[in-house]
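For the protein sequence lines, the chains are A and B, in the order given.
Quick note, the first sequence lines up with residues 43 to 631 if you use our numbering.
Quick note, the second sequence lines up with residues 2 to 233 if you use our numbering.
The set of hints was computed from the structure by calculation and includes no laboratory data.
We treat Cβ as the ideally placed atom computed from N, Cα and C, and that holds for glycine.
Check before you lean on any hint, since a few could be wrong.
[To be verified] In silico contact screen, one side only, chain B against chain A (beta carbon under 10 Å); selected entries:
(1) Leu60
(2) Thr81
(3) Leu85
(4) Pro87
(5) Leu88
(6) Gln93
(7) Arg106
(8) Val119
(9) Gln120
(10) Gly155
(11) Arg164
(12) Arg171
(13) Ala219
(14) Ser222
(15) Ile223
[Said to hold, decoys possible] Reference excerpt, derived from the structure (chain B facing chain A, CB under 7 Å, subset only):
(16) Leu80
(17) Glu84
(18) Arg89
(19) Pro90
(20) Arg91
(21) Pro94
(22) Phe96
(23) Ser102
(24) Ser104
(25) Ser168
(26) Val186
(27) Ala188
(28) Gly189
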Amino acid sequence: MTRAVWKSVGPAGPTRVVCLVAVLAAVGLLPWLSGRDPALTVLRARSAEQEATAEALAAIRDDLGLGAGPLSLLGSWGSGLLRGDLGTSWVSGTDVLPSVTAGLQVSLGLMGAAFAVAVLLACALVAPVLVRGRGSAGAFAAMLAAVPEFLLATVALLICGVWLGWLPTSGWAGPEYLVLPAIALGVPAGGLLGRLVADALPAVLDERWVELWRGAGVSRARISAAALRRVLPPLVPQFGMAAVGLTGGAVAVETVFAVPGIGRTALGAAKSQDLPLLQGSVLALLALGLVAGALSALARRRLLGPALRDAGLTLPPARPVRTHPAVPLTLAALLLITIGWGLLRDPFTVDTSARLLPPSWAHPLGTDGLGRDVLARLGHGAASTVGTAAAVCALSLLLSLALGFLPGVAAGAADIANALPPVIVGILVAAAAGPGTGGAALAVALISWPPLAAHAAALTQEVRASMFLTAQRAIGASPWWILTRHVLPSVAAPVTRHAVLRLPGIALALASLGFLGLGAQPPTPEWGLLLDESRAYVERAPWAALAPAVALALLAGLAVSGAAYAEGRTRTRKGVRGESGEKGTPVDV
Amino acid sequence: MNDAPPHPTDALLDVQDLVVRYGAVTAVDHVSFTVDAGETLALNGPSGCGKSSTVAAVLQLRRPDGGEVRFEGRELTTLTERELRPLRPRMQPVFQDPYGSLSPRHRIRDAVAEPLRVQGRWDPTGPARVTELLDRVGLNPAYGDRFPHELSGGQCQRVGIARALASEPRLLVLDEPVSALDPSVRAGVLNLLADLQDELGLAYLFICHDRAVVRHFADRSIEMRTGRLVPA
């Protein structure tokens with residue numbers, strides 16, 4: 043038994059380490075990976091009036107130590123890191139470490155407040171489930187969890203900051219500056235936490251012991267407390283992942299509210315090609331994620347106690363929230379109609395006499411700051427946002443099917459990919475390859491394949507362990523026959539469905555990169571970029587910002603309701619199943 | 002009871018000093034037995050004694066760590082997987098779990114036809130052959146269009162037997178074929194196996210832990226305990 047456990051966990055360990063080292067090396071090698079000559083950038087930043095002569099550039103190159111090869115670069119960066127020296131900024135010429143620690147302090151404050159918001163929200167979502175004893179707040183919570191931080195931040199800024207004028211919207215000068223960013227960052231995380239607990243609770247409350255306790259007259263409060271205690275340990279690792287997600291969300295939220303945190307520092311450094319500062323701040327963000335993961339592992343251990351550590355406590359399968367097919371269908375129809383309508387119009391015609399017009403028959407969603415039709419840009423933007431997402435999705439699917447046959451690799455890579463928010467990968471790719479649609483697609487593809495591959499690997503293992511494959515070998519079937527007739531058909535269909543369900547999520551990740559300026563470049567009508575562009579004149583033309591915001595919210599809703607509907611269907615269709623794998627490999631030890 | 006014949010090479014299946022190890026644990030420890038053409042040898046023992054490991058090693062589904070497995074006079078343990086493939090149909094398993102041994106995504110008809118397709122014997126007479134096989138194991142051929150989960154455990158076990166027969170074997174290795182079935186269904190499957198043996202001259206290596214069934218069904222029996230044969 044312990045052997046089996048070791049076998050399932052073992053190979054993932056080394057892959058995890060290899061992936062982590064690869065990420066660290068990628069960070070360390072950024073100046074070499076980017077391949078472009080940063081000397082010019084540095085020269086401009088330091089002394090704008092100086093002529094870009096060959097001597098001046100060569101002097102800067104020597105100064106930065108760019109002449110050396112990648113290995114010595116990595117070596118000197120690594121040894122500096124061990125000494126606590128993160129180098130000097132190329133742009134300002136100051137030490138990186140103080141900027142990183144200053145940013146980290148601000149970000150930690152923000153994340154702490156956001157975590158408090160998340161916990162409060164999660165409690166609010168879970169409370170009705172505990173009070174009623176059954177039912178679930180899952181659908182609403184899932185909706186909140188799917189809204190990307192940059193969207194929520196923009197909407198919060200628009201409503202509370204600009205229209206109502208309740209709270210300051212930019213800067214970091216007092217506690218009131220903390221409220222909006224903390225809400226924008228904390229609500230999606232709270233939705234995720236609340237959903238996990240609210241989905242797991244009804245099944246736990248149906249367990250036998252609850253009936254027994256009720257019969258014995260134990261109070262409802264004590265049963266609720268025990269049920270929560272029962273639900274939490276298996277979910278704690280997911281809480282850790284939510285904390286990791288905060289590091290990615292921090293980049294977007296800090297940018298929107300101009301909070302001088304580590305995320306904004308990283309983004310600014312990536313945009314100005316200040317690689318030492320970028321290395322330092324990305325490293326800090328990664329460390330935050332790893333510490334969060336380690337803390338959640340520790341918490342799980344404390345909750346379970348040493349005796350239960352290996353076997354853990356598995357939760358009963360959650361009963362999925364049934365979604366009526368009309369919900370995803372309506373959302374999809376709304377999006378398709380808008381996109382189709384917009385596609386018929388011209389997104390690039392600049393008409394300076396028609397700037398920032400309110401919605402009218404000529405321009406159903408108004409015009410933007412250059413007099414371009416917002417509806418047309420929304421429709422054409424779908425092609426670049428959703429089209430790229432589809433390509434990324436197909437690529438991840440192929441990769442996961444190819445690598446799903448190596449379970450250890452898939453699991454280890456999935457662990458690291460879960461610890462890397464898309465925004466941080468996007469920053470790294472943008473720093474190495476320059477911002478663009480291709481780079482953003484690459485960044486999202488890099489972290490969207492491992493979960494699919496882990497799913498494919500789990501299914502492959504399940505099929506391989508089943509008795510009917512043994513029977514196949516016994517009738518003399520070749521490995522190719524078994525693979526193509528039995529293994530692939532059982533793996534490909536569910537993994538493809540999983541990939542399709544991830545499509546809206548991938549589109550949102552791409553949009554968030556576009557919003558941060560790391561994806562598609564103007565004048566491409568990309569949804570995230572549309573939202574970002576409209577922020578500049580949001581007071582005068584709120585509809586220009588609302589249109590892409592609503593489109594993204596619809597997409598998020600589609601992601602959630604589609605997934606819930608598909609999950610409900612597979613659960614009800616499964617019906618009778620033999621205990622395949624129980625006697626899979628004849629190990630009568 | 003274990004009266005080995007003086008010329009072991011005459012036997013259909015001749016297993017000598019079979020060893021199967023899992024790491025430091027020896028699951029099968031120098032086990033020897035023979036099965037003659039047309040006879041039933043019962044391999045009897047409590048669960049965890051190494052019966053299933055013996056089955057896997059005899060069928061070369063898990064290569065043994067020592068000993069010889071001679072089938073129809075040919076030594077199997079030294080053959081490569083590719084050399085073994087054409088010989089495999091002659092020796093077919095029937096497993097304990099009736100549902101798990103059939104692919105949940107294939108119809109009964111396709112499951113029974115698969116050996117014919119895999120072994121390159123599928124021709125225009127194929128569908129008729131499948132119908133004949135289903136009929137032979139006492140299943141209404143109309144069930145051919147169903148999926149395994151639409152059948153009872155006993156019916157699935159009959160499908161498993163039909164699939165094994167499709168390979169035209171000389172030896173069936175029956176790994177607790179009736180342990181998962183209801184007592185009422187059990188007798189029907191055992192009778193079917195007895196009829197098939199009379200009709201087709203099949204030899205059975207019959208794994209079982211129920212002594213009553215063994216007495217009723219087997220010509221000879223051997224007993225295993227913690228990986229070794231013990232005197233009955």
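Outcome of the hint check:
1. Nearest Cβ of chain A to the Cβ of leucine 60 of chain B: about 6 Å, under the 10 Å cut. The hint holds.
2. For the restraint placing threonine 81 of chain B at the interface with chain A, the shortest Cβ-Cβ distance is roughly 13 Å, beyond the 10 Å limit, so the hint is violated.
3. Given hint, leucine 85 of chain B at the interface with chain A, holds; its Cβ is 8 Å from that chain's nearest Cβ, closer than 10 Å.
4. Interface hint status for proline 87 of chain B: upheld, as the beta-carbon distance to the closest one in chain A is roughly 7 Å, under 10 Å.
5. Among the interface hints, the one on leucine 88 of chain B holds; its C-beta lies about 8 Å from the nearest C-beta in chain A, closer than the 10 Å criterion.
6. Taken as an interface hint, glutamine 93 of chain B checks out: its beta carbon lies about 6 Å from the nearest beta carbon of chain A, inside 10 Å.
7. A cut of 10 Å between beta carbons decides the hint on arginine 106 of chain B: the least distance to chain A is about 6 Å, and the hint holds.
8. The interface hint given for valine 119 of chain B holds, since its Cβ lies 5 Å from the closest Cβ of chain A, which is under the 10 Å cut-off.
9. With a cut of 10 Å, the hint placing glutamine 120 of chain B at the interface with chain A holds, because the nearest CB-to-CB distance is about 6 Å.
10. With its C-beta approaching chain A no nearer than about 14 Å, glycine 155 of chain B sits outside the 10 Å limit, and its interface hint is violated.
11. Look at arginine 164 of chain B: its Cβ gets to within about 7 Å of chain A, closer than 10 Å, so that hint holds up.
12. Here the hint on arginine 171 of chain B is broken, as its CB sits about 14 Å from the closest CB of chain A, past 10 Å.
13. Given hint, alanine 219 of chain B at the interface with chain A, is violated; its Cβ is 21 Å from that chain's nearest Cβ, farther than 10 Å.
14. Checking serine 222 of chain B against chain A: minimum C-beta separation of about 19 Å lies over 10 Å; hint violated.
15. Evaluation of the isoleucine 223 of chain B hint against chain A yields a violated restraint, the C-beta minimum of about 16 Å exceeding 10 Å.
16. A hinted interface residue such as leucine 80 of chain B counts as satisfied when its beta carbon comes closer than 7 Å to some beta carbon of chain A; here the least separation is about 13 Å, so the hint is violated.
17. The interface hint given for glutamate 84 of chain B is broken, as the beta carbon of that residue sits about 11 Å from the closest beta carbon of chain A, more than 7 Å.
18. Below 7 Å, beta-carbon pairs count as interface contacts, and arginine 89 of chain B has one with chain A at about 4 Å; its hint therefore holds.
19. The beta carbon of proline 90 of chain B is positioned within 7 Å of a beta carbon in chain A (closest approach about 5 Å), and the interface hint is therefore held.
20. At about 9 Å, the closest approach between the beta carbon of arginine 91 of chain B and any beta carbon in chain A exceeds 7 Å, and the interface hint on this residue is violated.
21. Among the interface hints, the one on proline 94 of chain B holds; its C-beta lies about 5 Å from the nearest C-beta in chain A, closer than the 7 Å criterion.
22. Annotation: interface hint on phenylalanine 96 of chain B holds; nearest CB of chain A at approximately 5 Å, less than 7 Å.
23. Given hint, serine 102 of chain B at the interface with chain A, holds; its Cβ is 4 Å from that chain's nearest Cβ, closer than 7 Å.
24. Against a cut-off of 7 Å between C-beta atoms, the interface hint on serine 104 of chain B holds, since the closest Cβ of chain A lies about 5 Å away.
25. The closest approach between the C-beta of serine 168 of chain B and any C-beta of chain A is roughly 5 Å, which is under the 7 Å cut-off, so the hint is satisfied.
26. The restraint placing valine 186 of chain B at the interface with chain A is violated, with a minimum CB-CB distance near 16 Å, outside the 7 Å limit.
27. Of the supplied interface hints, the one on alanine 188 of chain B is violated, with its beta-carbon coming no nearer than about 23 Å to a beta-carbon of chain A, more than 7 Å.
28. Because the beta carbon of glycine 189 of chain B sits about 20 Å from the nearest beta carbon in chain A, more than 7 Å, this interface hint is broken.
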